[in-house]
Each structure stands twice: as structure tokens, then as C-alpha cells.
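Each residue of the sequence shown is one higher than the one before, counting from 94 in our numbering.
Calculated from the structure, these hints are not laboratory results.
Glycine residues also receive a C-beta, built at the ideal position from the N, C-alpha and C atoms.
A couple of the hints might just be wrong.
[As the list claims (entries may be wrong)] Computed spacing ranges between beta-carbons, pair by pair:
1. PRO349 x THR442: 40 to 48 Å
2. THR442 x GLY802: 44 to 52 Å
3. THR297 x GLY170: 26 to 34 Å
4. ARG801 x ASP460: 29 to 37 Å
5. GLY706 x GLU525: 32 to 40 Å
6. ALA816 x GLY459: 56 to 64 Å
7. GLU303 x ASN542: 39 to 47 Å
8. GLY698 x ASP774: 15 to 23 Å
9. GLN686 x THR278: 58 to 66 Å
10. GLY644 x LEU226: 49 to 57 Å
[As the list claims (entries may be wrong)] Below, computed lysine to any residue pairings styled on SDA-like, alpha-carbon distance capped at 25 Å:
11. LYS424 x ARG168
12. LYS333 x LYS424
13. LYS806 x THR697
14. LYS342 x ARG294
15. LYS770 x ALA743
16. LYS770 x TRP742
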Amino acid sequence: MTRSAVSSAGVLVGFFLAFAIPATNAAEATAKAKARARPSMDLGPAVSFIFNNGAVNRALGRPDENLILKGLSIRMGTNAGLCFDTATQNYVAGWTGGFVDVSKSSIAQTAQGSSPVYPIGKKVFSLSPSANLIHQGRFKGHWIHGDHVVLRYDVNMIDILDLPGVEQVDGEPVFTRTLQIEAPTRPLRLLVAENQPVTLRDPTGRSRLETNAEHAVFLRLPESPAPYLVQVAIGPSSSKAVQPIIAPKDLILGGPARWPQPEITQGRLGSEPGAYVVDTLTIPETNRWNSWMRLSAMDFFSDGRCAVSTLSGDVWIVSGLDGSLGKLTWKRFAAGLYEPLGLKVVDDTVYVLGRDRVTRLLDLNGDSEADYYQSFNSDLDVYPTYHAFVFDLQTDTNGNFYFVADGNMVDPYLSKHGSILKLSKDGAILEEFARGFRAANGMSVGPNNEITCSDNQGFWTPSSKINWVKKGGFYGFVGDPRQPRYAEFSKDKAVTSFDPPLCWIPMNADNSSGGQIWVTSDQWGLPRGSLLHTSYGKCTLFSVMTQDVDGQMQGGVWQFPLKFSSGIMRGRFSPKDGQLYVCGLKGWQSVAQEDGALQRIRYTGKPMNMPVGLRTTASGIELRFSDALDAKSSVDVENFSIAQWNYRWATNYGSDSWSVADPQKKGEDTVEVKSAKLSADGKSLVLETQPLQPVMQMRVKYNLQTARGAPLKQEIYNTVNRAK
94 MTRSAVSSAG VLVGFFLAFA IPATNAAEAT AKAKARARPS MDLGPAVSFI
144 FNNGAVNRAL GRPDENLILK GLSIRMGTNA GLCFDTATQN YVAGWTGGFV
194 DVSKSSIAQT AQGSSPVYPI GKKVFSLSPS ANLIHQGRFK GHWIHGDHVV
244 LRYDVNMIDI LDLPGVEQVD GEPVFTRTLQ IEAPTRPLRL LVAENQPVTL
294 RDPTGRSRLE TNAEHAVFLR LPESPAPYLV QVAIGPSSSK AVQPIIAPKD
344 LILGGPARWP QPEITQGRLG SEPGAYVVDT LTIPETNRWN SWMRLSAMDF
394 FSDGRCAVST LSGDVWIVSG LDGSLGKLTW KRFAAGLYEP LGLKVVDDTV
444 YVLGRDRVTR LLDLNGDSEA DYYQSFNSDL DVYPTYHAFV FDLQTDTNGN
494 FYFVADGNMV DPYLSKHGSI LKLSKDGAIL EEFARGFRAA NGMSVGPNNE
544 ITCSDNQGFW TPSSKINWVK KGGFYGFVGD PRQPRYAEFS KDKAVTSFDP
594 PLCWIPMNAD NSSGGQIWVT SDQWGLPRGS LLHTSYGKCT LFSVMTQDVD
644 GQMQGGVWQF PLKFSSGIMR GRFSPKDGQL YVCGLKGWQS VAQEDGALQR
694 IRYTGKPMNM PVGLRTTASG IELRFSDALD AKSSVDVENF SIAQWNYRWA
744 TNYGSDSWSV ADPQKKGEDT VEVKSAKLSA DGKSLVLETQ PLQPVMQMRV
794 KYNLQTARGA PLKQEIYNTV NRAK
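Full structure from sequences and hints, please.
See the structure below:
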């Protein structure tokens with residue numbers, strides 16, 4: 094897309110993360126959901142979000158759509174606001190009467206929370222879409238200093254600091270821009286306003302204003318060996334503006350803390366009887382800033398503190414993660430990010446993936462708040478539908494970043510969506526790594542740069558799955574058939590096959606997948622390098638067993654006997670205690686009980702009693718267990734049950750189960766277990782079966798005992814891509 098502002102006749106409806114209200118106590122849940130809608134949240138001084146700059150349509154009772162896809166709404170004092178288009182480096186609107194209405198956006202809603210933000214009050218000026226021309230430059234970020242916001246961008250490779258302001262003159266608002274421009278090596282032409290009186294203050298007299306035939310007002314700055322410090326004022330009384338010019342560079346070294354007081358909570362230790370227990374790090378659901386604590390991503394600093402993001406745009410720093418969790422300190426670190434669903438700490442610096450960009454958050458004065466929101470990379474287009482999320486943020490051993498751009502309900506021709514994207518370590522180059530993903534809410538990068546991601550059932554995606562991703566691969570999602578240009582696209586990009594996943598997972602086990610996690614600790618029972626998988630929908634955690642058959646990966650999953658209070662989808666191992674921490678939120682297609690959760694899965698040292706390895710051959714299945722099995726129960730074939738079925742890869746939304754033996758028949762096939770043999774150490778079990786062939790879904794159930802007498806009534810879901 095070449096323009097930031099788009100017009101659309103359609104109304105944005107719904108939001109992917111809509112509340113899932115349990116059937117029981119529905120009235121109480123509904124009341125709680127309404128109470129959690131937070132239009133009164135302290136949004137901070139600047140908010141990144143799609144901004145509707147349309148004129149009010151009195152017949153419809155709402156603004157027409159003139160969407161600024163990469164809008165940065167800036168609070169001006171207590172009663173005014175500006176919107177800066179970070180894609181064009183233009184101020185597209187200024188208004189008085191309030192800040193922005195977020196009540197119908199995902200900042201404050203889940204059900205039908207897909208609308209853009211709107212200005213509250215009366216517009217003083219506005220740019221039309223035709224005037225909002227692309228400048229030859231890029232947005233670099235913004236600083237927060239008290240109530241001031243300083244923007245940084247370049248035009249024609251010339252660096253500009255831009256400090257917006259507002260003052261009252263003769264009872265009328267006057268918006269100002271104070272521009273500090275490095276010595277330009279070529280002439281500059283900056284769009285200032287449209288159909289508005291503008292006054293220029295330049296002590297040197299080198300710059301000038303000019304107006305074109307369409308009444309657009311430009312600032313002309315000739316080439317100069319010296320930098321510029323000028324101010325333009327917009328409004329009928331702009332010639333009377335008297336506020337002194339403040340140099341923007343004086344406000345970029347770190348400002349006073351906006352949220353100095355932390356929130357304090359006390360965690361709860363779990364009491365599960367097995368090898369793993371779930372501890373809860375209590376979230377400050379009620380806090381001074383009315384921030385909605387729907388946790389969306391996380392990572393650790395080297396000292397063990399944890400950074401977490403929220404769907405409404407915050408980043409918080411959590412400390413006190415000791416054995417007892419007796420005093421947890423939650424410090425608000427940043428605000429105003431656009432649906433941050435990925436977070437990575439690199440060299441103790443927080444990087445956040447929002448829908449509009451990867452942002453590097455810098456605390457310049459050590460007060461535990463971000464002063465500079467650096468636009469690390471913003472090359473991905475924002476698409477104005479509720480499903481067009483971007484998910485997760487990981488790094489490889491070379492420092493490159495990876496994340497997933499959603500393909501569901503997105504124009505199939507839109508560059509880079511429906512793909513895993515690789516971003517260079519310096520943020521300069523964003524490229525497609527692999528494609529064909531519908532709604533991959535999470536991914537991972539392994540110790541040897543292995544790439545995995547999930548995907549969720551829908552069109553061209555028959556069930557949930559875990560993909561083992563190779564560069565240049567295609568993983569099945571052709572496009573959303575509801576999109577207007579889908580038919581044309583599907584002919585242009587005709588495909589007849591796709592790279593199979595590591596493992597399919599049936600909907601009853603995982604109806605909405607999250608991300609994967611590699612074990613990076615020697616203190617967690619499972620060996621370092623093991624793979625885990627989260628279910629956002631079922632609020633559960635899986636162990637993933639993998640097998641390499643001549644370069645083709647396949648495997649299966651086993652669910653830990655643990656439950657989580659919200660839809661877990663991100664996880665990291667702490668560098669201090671070596672335990673696994675997970676976070677997530679409540680929304681559509683999730684059985685979550687809480688709006689958000691941060692929980693620790695702590696290893697107790699007790700027997701794990703779980704499968705840790707899975708291999709399939711043409712003649713059977715070999716299972717490896719963490720603990721020795723009972724010799725008698727493990728060789729009785731009556732204690733095993735195996736079923737298999739295929740799915741259909743098609744335009745349809747999801748798939749039924751289809752017989753392997755009779756592909757035209759719905760249902761599952763039983764796989765005969767002929768014998769079971771236990772290894773000498775009691776930990777490996779070989780099941781001889783009827784001849785096996787590639788199959789999309791297999792379920793292995795068993796009812797055994799360990800050598801110590803503990804019951805093992807478990808099931809594994811796996812995929813056979815190659816049987817040999």
C-alpha cells in the first residue's frame with residue numbers, strides 16, 4: 094500500500110479477542126465484562142492506533158471513514174489533541190474538547206472492539222486524504238518529557254525534531270510546531286496545513302511559507318550550512334501566538350517519571366501433587382491508571398525482572414520474582430503501543446512488536462520508565478480489519494528478529510501478511526522467511542535456530558497445528574475467501590500442496606493455539622532443548638516430541654496435567670530461578686477465567702511420569718518415558734488404544750475427520766496393537782501395530798502404571814509424515 098489514509102465503505106466489526114462468557118453465571122460474567130471496558134484508562138501522552146480522521150456524517154451519526162493506519166494521537170494538555178501520521182510525517186488533525194475516544198477500540202473493548210480511535214471534541218484543522226501526501230522520509234520515534242512529546246523523523250534524509258504545542262489566543266486554540274532541523278544539504282518542503290491560516294516564526298528569515306492552488310500550505314527551507322529552529326502556528330489567531338520557542342533537543346534527554354508509584358501484589362504458590370505446580374503472580378487488576386491487565390507477551394532482564402506487555406498498549410516491569418512471591422512490584426514502564434503481542438529483551442533493552450512497528454523502548458535517565466519510543470522498524474503495512482494482528486517476537490543466535498503477520502481477513506495481495514518475517518539485527522531489513530499462515534498466534538526460535546509456529550483452524554487450515562518452518566516454505570493458508578480479491582489471487586498463486594506441519598492437534602485438545610517455548614534451563618526436569626506448546630483456547634501446556642525422518646520433521650504432543658487461569662500464549666524461562674513463566678489473556682475461543690495471567694510452572698523434583706520421546710516407523714510406535722514403567726501393565730495390549738484419521742485441506746472452514754482406509758468416509762480408523770515390548774531400563778516401550786502409513790492425525794491412549802505404582806492414564810496426539 095502506498096498511502097496511509099484509506100477510505101472504506103465497510104464498518105469494522107467484531108474483534109478476534111472477544112469475551113468468551115461461560116454458560117454458568119452468565120449474568121455475573123456479563124456485568125464483569127462491562128465493568129472491564131475501560132475508556133477511562135490513562136492512555137499516556139501518545140497513543141499509536143488507527144485513527145479515523147473522517148468528517149462527521151450527521152445522517153449516519155458517526156464519522157465517515159478516513160483512516161490513518163499508522164496514526165500517533167498526541168495529548169495536548171487536558172483539553173486538546175493532535176494526530177500525526179507516522180507514514181507520511183504529517184499532522185492530519187488537531188482538535189479541542191478532549192483527547193481520543195477509545196471506547197469502541199481494542200484498547201477498551203474485546204467484543205466488537207475493532208473500531209479506530211476518534212478525536213473527542215471539535216476539530217480545529219484537518220488534512221484531506223489528497224493533501225496527506227507521502228513525504229520522502231521515515232518516522233524514527235518519539236520522546237516523552239512530562240506533558241511534551243517530541244517527534245523525530247527525516248525528510249530527504251535530513252533529520253527533524255518536531256515539538257507540537259497548543260495555546261489559547263483570544264479564546265481560540267492555536268496549534269504550533271517547533272521544528273529543529275539539521276543543516277539541510279538540499280532544499281526542504283514540508284506540508285503544514287490545508288485551508289488554514291498559518292504564521293511562521295523564523296528569527297533568521299531564511300524560510301518561508303507558500304500556498305498551492307489546492308490551498309495546501311508548505312514550509313520552504315533552502316539549503317543551509319546552519320541548522321534551523323523555526324515555529325509554525327496554525328489557526329485564525331496564529332499571528333498572535335506568543336509562547337516562547339522551546340528547542341526540542343532540550344526535551345530528549347529523559348523526562349520526569351509519569352507513573353512513579355508501583356503497584357504491589359502478593360503471589361500465590363501452587364499445591365499440585367506432581368512434578369510441576371502452577372504459581373500465580375497476582376496481577377494488579379485495580380491500579381492507579383485503570384490499565385486493563387490483559388497480558389500479551391513477556392521476557393526477562395538479566396537480573397530476573399520480567400517485562401510484560403498488555404493488549405491495551407502498556408509495558409510493565411515486574412520484580413520480586415523469588416521463591417515465595419511474597420511481594421511483587423509492578424512498575425508501569427511504557428504506554429500507548431498498538432496491540433503489542435510480542436516482546437523481547439535484548440541486552441536488557443525492551444523491544445516490543447505492535448501492529449504498526451517494532452519499537453525499542455529506552456529509559457534514558459534510569460527512572461524505570463521509557464523516555465524514547467524508537468521506531469526500530471515500521472515496514473509492515475497495517476490493515477484495517479480486526480484479525481490483522483502481528484504475533485510474538487523472537488531472536489536467533491545471530492540477533493535477527495522474527496515475528497508472524499496474520500493472514501486472516503487480510504487482502505491476499507498485501508505484502509508480508511500471512512508470513513513469518515525476519516528482521517535484521519539492526520532493524521534495517523524486513524523480509525519474508527516463510528508464508529502460508531492464517532492466524533499463527535505465536536512462534537519460537539530454538540537453540541540451533543529451529544523455527545516453529547502454530548496456526549489456528551479456519552479456511553485452508555483444517556485444525557490446529559504446530560509447524561516446523563523452513564525458509565521459503567509454504568504452510569497451507571492460501572488466503573481468506575471472504576476478501577474481494579481472493580478469487581483473482583488464488584488463480585495467480587495457484588497451489589496444489591503445502592509443507593506438512595510437525596503435528597496436527599484436534600480441536601478438542603487445542604482449539605486455539607499459542608506460541609512455543611524451548612527449555613533453556615537445567616533446573617526444570619525436562620532436558621534443555623525440549624520443546625513446549627501453549628494453548629490459548631484451552632489454557633493448557635503441552636510437551637512436544639519430535640522425530641526427524643530423512644529431513645522431514647514429525648511428532649506429537651502430550652498435555653501436562655495443569656490448568657491456567659487465562660489463555661496462555663507466551664512463555665520464557667527465568668535466567669535466575671530456571672523456572673518457566675507464562676502469560677496470556679481472556680478472549681474469544683478461550684475457556685479462560687481471568688482477563689490476564691502471569692504464572693510460573695515450577696518443577697518440584699518429584700517423578701515426572703510423562704512421555705518424553707515418540708518415534709513412528711512403518712511397523713509401529715516407540716514411546717520413551719521419563720520414569721520406568723511397570724513391567725506387567727506395559728506389555729498388555731489391552732491397555733492401549735490407537736486411532737487415526739485425516740483432514741481435508743480445502744477452502745472450507747476447518748475439516749471433519751476422514752477415514753484413512755476409506756477417504757470418502759467420515760470418522761476415525763482403529764489401529765491394531767499387536768504387541769508391546771518394554772526395554773531393559775523400563776523407559777522405552779515399542780508398540781507393534783498393523784503397517785503404518787502417513788496420516789495427518791493419530792491418537793495414542795494408554796492406561797499403565799509406573800514401576801513405583803503411579804497411574805499413567807494419558808494420551809498423545811501425533812502426526813506421521815513419513816513411515817519407514
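* Which numbered hints are broken by the structure, listed smallest first? -> When the structure is compared with the hints, numbers 1, 4, 7, 12, 15 and 16 turn out to be violated.
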